[in-house]
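Given chain A's structure and the hints, the job is docking chain B onto it.
Line by line, the protein sequences are chains A and B.
Position 119 of the first sequence, counting from 1, maps to 118 under numbering that gives the first Met the number 0, and the rest follow consecutively.
Position 14 of the second sequence, counting from 1, maps to 13 under numbering that gives the first Met the number 0, and the rest follow consecutively.
No lab work stands behind these hints: they were computed from the structure.
By construction, the Cβ of each residue, glycine as well, lies at the ideal position given by its N, Cα and C atoms.
Incorrect hints may have been included.
Quick list of simulated restraints, FRET-style, between CB atoms [unchecked claim]:
#1 B/Pro-95 <-> A/Gln-82: 41 to 49 angstroms
#2 A/Ala-103 <-> B/Gly-76: 43 to 51 angstroms
#3 B/Glu-84 <-> A/Leu-134: 20 to 28 angstroms
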Amino acid sequence: MEVEPKLIAEFVETGRVRLIYRHLAQISQDSLVSAEAMHCAAEQGQYWQMRRTLYERQSDLYGTGSIEGALTFIAADLGMEQQAFGTCLSSRKYQAAVEADIEASMAAGVRGRPTFEINGQRIVGARSYEDFATLLSK
Amino acid sequence: MSRLHVLWIGLLLVACGTASSVPAPTAQPQAIATVVLPTATTPAQPTPASATALPPTAATVPTNTPAVVVEEPKTTGVAEFTTPEGYHGLGNIDAPATMVMYSDVF
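Okay, chain A solo, but in the shape it has when bound:
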């Protein structure tokens, strides 16, 4: 997560690269619900902010009695309308979309996390900023 802000600043914000996020929640039900939470955040215009915050506050999510409660708390911290977010999350309305995304990724041969595709070239595993910068500058 340390690399991504630099990549966004250097390549995305400058219009050189567009970044697309795909879900690959494989570990647990909490992973799935967290992915759904991003879509619920998108309803309030905060998909990317939610995603970034979930990475930054992963420790707040581990071992919580209620992942939904923790996610709703984070959403409120981000200024989202808490009841609307909670209703969205508990409805599981994005479950099918997230599962379809994961299945499509798996069908495309994506297994490990994180995996990146840069102009069709697949890279598995974390890389340094310099590695990404070299690939994105080609």
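Chain B in isolation, oriented as in the chain A frame:
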């Protein structure tokens, strides 16, 4: 408004009526109708300014493919968009390079 103007508008309406077989325009913005994701190697074709007043043709907007939705940046300060598949994107939709990230919070 003069009678000449009224007559002219009437003639235009009659002429437009013959184009009833043209598909109705979608609610998607014209400027993004030709963009297809995630192919980054095909640059978007410039749209002539005069074309913005015309309904899209079947060639530019396939009826079975939803358009990319571009959203105003709300929290990140960077343009955001959603692909026809529903994947969320960040940055200039016409950027020359595409980076897809497959990941998870946990």
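Here is how each hint holds up against the structure:
1. B/Pro-95 <-> A/Gln-82: 41 to 49 angstroms: Taking Cβ atoms as reference, B/Pro-95 and A/Gln-82 lie about 42 angstroms apart, which means the hint holds.
2. A/Ala-103 <-> B/Gly-76: 43 to 51 angstroms: 30 angstroms, violated
3. B/Glu-84 <-> A/Leu-134: 20 to 28 angstroms: 24 angstroms, holds
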